[in-house]
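Asker: Take a look at the letters that make up each chain.
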Amino acid sequence: MQRESRAPRTDWQQRVESLGFDFHTIDGEPYWREDVCYRFSADETDLIEDATSELHSMCLEAVDRVVRDKRYADLGLDDTAARLVEESWKSGEPALYGRMDLSWNGSGPPKLLEYNADTPTALFEASVVQWYWLQDVMPQADQFNSIHEKLIERWKQMPTSGKIHFAASYEQPEDRGTCEYLRDTATQAGFETSALDIEEIGWSGKYFIDMDDVPIATLFKLYPWEWLLAEEFGANIPKVAMRWIEPAWKMVLSNKSILPLLWEFFPDHPNLLRASHRRGDVSGAVVRKPRYGREGEGVIVLAAGIDEPPADGPVVYQQFHELPKFADRFALIGSWVIGHEPAGIGIREDSDRITRNTSCFVPHYFT
Amino acid sequence: MEPGSKKSLAVPLVLMGAVAGSYALPALFGGTDVQRNKYPSKQACVEDYSEDKCKQDVPVNGSPGAFLFYGPWYRSDYRSRVNDPNDPGPGKFYRSGASGFSAGGSATAAPSGVESGSRGGFGSSGRVSARGS
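Read top to bottom, the protein sequences are chains A and B. Each residue of the first sequence is one higher than the one before, counting from 162 in the numbering used here. Each residue of the second sequence is one higher than the one before, counting from 2 in the numbering used here.
Since the hints were derived computationally from the structure, they do not count as laboratory data. Treat the hints with care, as some may be off.
Reference excerpt, derived from the structure (chain A facing chain B, CB under 8 angstroms, subset only) [said to hold, decoys possible]:
hint, residue
1, G181
2, T206
3, V289
4, Q304
5, E341
6, Y342
7, I359
8, E361
9, I362
10, W364
11, G366
12, Y384
13, W388
14, E392
15, E393
Now the stretches of chain B that chain A is said to cover, found in silico as 3 or more residues with beta-carbon under 8 angstroms [claimed, not checked]:
hint, segment
16, 3–10
17, 114–127
Now the in silico label distances, taken between C-beta atoms and shown as ranges [said to hold, decoys possible]:
hint, chain 1, residue 1, chain 2, residue 2, range
18, A, D239, B, K43, 42 to 50 angstroms
19, A, K486, B, D78, 51 to 59 angstroms
20, B, V83, A, R244, 39 to 47 angstroms
21, B, M2, A, D429, 49 to 57 angstroms
22, B, E3, A, D225, 32 to 40 angstroms
23, B, P4, A, F427, 52 to 60 angstroms
24, B, S81, A, D230, 43 to 51 angstroms
25, A, G441, B, S81, 28 to 36 angstroms
Every value quoted in this text rests on a predicted model; they were computed, and no experiment measured them. Glycine residues also receive a C-beta, built at the ideal position from the N, C-alpha and C atoms.
Construct the entire structure; sequences and hints are all you get.
Answerer: Below you can see the structure in the form of structure tokens.
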């Protein structure tokens, strides 16, 4: 794993915008960077793929154990959420996608930092923009990225008929881009699709409806489950038999409290870091993460013996594992799972050791 | 993918490039209460509104209820609906005050009732935080 400098394509902005990538620059700062890239060997991508596959299998087993042993309290899930998780898991509701954040410097086993299993973003740039970049700059090279093909195949496997509605906060460019890209792949899989803002969803008294008052049968929502359940319409969710993507059982995995459970179920696994709800269980420096934090929000690194500020809610402590640093940038590998298969990676980097929504996306290739 | 390769063979797009930058901002409802009239027949609904505004109830699961036809959704609050020219209103059989609906001299029936609903019950958390991760 190496970081290389490259000359950007002279018309890179025009080229990425022609794909529909309109958030390459955020608040005047670059989000997409192609003046650098990461180079891997084939063996290295195999290793990341194998680790992702193993971790995903462990996560599925963890969900099964949570449901079987009713460990919902460990995850802070109330009775309503627990019932939705249980029903969706036992009925085998299919998942579409997820992104594991891995820390890896090119040697040793990759370490799971968290699993963004419910509402992962940075998808379009990983699946599409870096693929076209590679076609332009070194088409003979390979890339760990079959996300697009696997998404279309996964949609085709969905036991769904009729229209699929896609809902997100459409005024947010990144959410809009992710949701519209997934709608694109569902369209290519043969589905009729329709988009609406999450605020435009209506409740008829019997079912959720779109802007044409049509009942929603299948909803892809780029909106966290815990928010759906906490909001005004949340009480209606258990009343309606409809398909949700991602399914409710993803609440188990998108919750940082899965990290202590994974460590409990698979102690000392080489791809896991020690984690607990009690700081005293994790020696040395730790990373404190809010149970439902997103985009690095509320994440702090605590050196050994240093007092911590009060937390706003439940937190998880995870053994600190420094991200690899190239030049002055910390690099994080986002490893995509489509359905239940590893499908590719996207790399984000930041000058800070905590990756946030302002971190830059950098393409990769391997030889 | 080609054999031995890890990258997609092709990445065609059918929606993304065409719609980039062309999004209209969504209507923000913020918990608006809405309602629609229900009718015992399509004829009754069409007389109150028009054919294109009348819909047969299409439940996601199970069989339809006793009332098969519905008019369009309109805001429950009089003041907010009269300020919106796109709000279809409660129909011509509506009488303000306690009398509610009346068929008057029409041969068809007035609405047999209203169904209450709402929009804007999702989205409040997303206005203050990032949604994706």
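Asker: So, as I understand it, the hint says A/W364 touches chain B; can you test that by seeing if any CB pair is closer than 8 angstroms?
Answerer: Interface hint status for A/W364: holds (5 angstroms vs cutoff 8 angstroms).
Asker: Holds or violated: the hint that A/E361 contacts chain B, with Cβ atoms closer than 8 angstroms.
Answerer: Hint holds; A/E361 Cβ to chain B Cβ min 5 angstroms, cut 8 angstroms.
Asker: Are there three or more residues in the segment 114–127 of chain B whose C-beta lies within less than 8 angstroms of some C-beta in chain A?
Answerer: holds (count 12)
Asker: Against chain B, with CB atoms and a cut of 8 angstroms, does the hint on A/W388 hold up?
Answerer: Where the cut-off is 8 angstroms and the nearest Cβ of chain B is about 4 angstroms from A/W388, the hint holds.
Asker: Note whether the CB distance of A/D239 and B/K43 lies within 42 to 50 angstroms or breaks it.
Answerer: holds (44 angstroms)
Asker: When you take the CB atoms of B/E3 and A/D225, is the distance between them in 32 to 40 angstroms?
Answerer: At 36 angstroms between Cβs, range holds.
Asker: Does the Cβ-Cβ separation between B/P4 and A/F427 fall within 52 to 60 angstroms?
Answerer: violated (33 angstroms)
Asker: Let's test the interface hint: is any C-beta of chain B closer than 8 angstroms to that of A/I359?
Answerer: A/I359 check passes; min Cβ-Cβ to chain B is 4 angstroms, inside 8 angstroms.
Asker: Three residues minimum, CB to CB under 8 angstroms: does the segment 3–10 of chain B make the cut for coverage by chain A? Let me know.
Answerer: holds (count 5)
Asker: Hint validation: A/E392 versus chain B, beta carbon distance must be below 8 angstroms. Holds or violated?
Answerer: It holds, given that the least Cβ distance between A/E392 and chain B is near 5 angstroms, below 8 angstroms.
Asker: Holds or violated: is the Cβ of A/E393 closer than 8 angstroms to a Cβ in chain B?
Answerer: holds (4 angstroms)
Asker: Do the Cβ positions of B/M2 and A/D429 conform to the proposed distance bound of 49 to 57 angstroms?
Answerer: 35 angstroms Cβ-Cβ, so the 49 to 57 angstroms window is violated.
Figure legend: structure checked against the earlier numbered hints; hints not met, in rising order: 21, 23 and 25.
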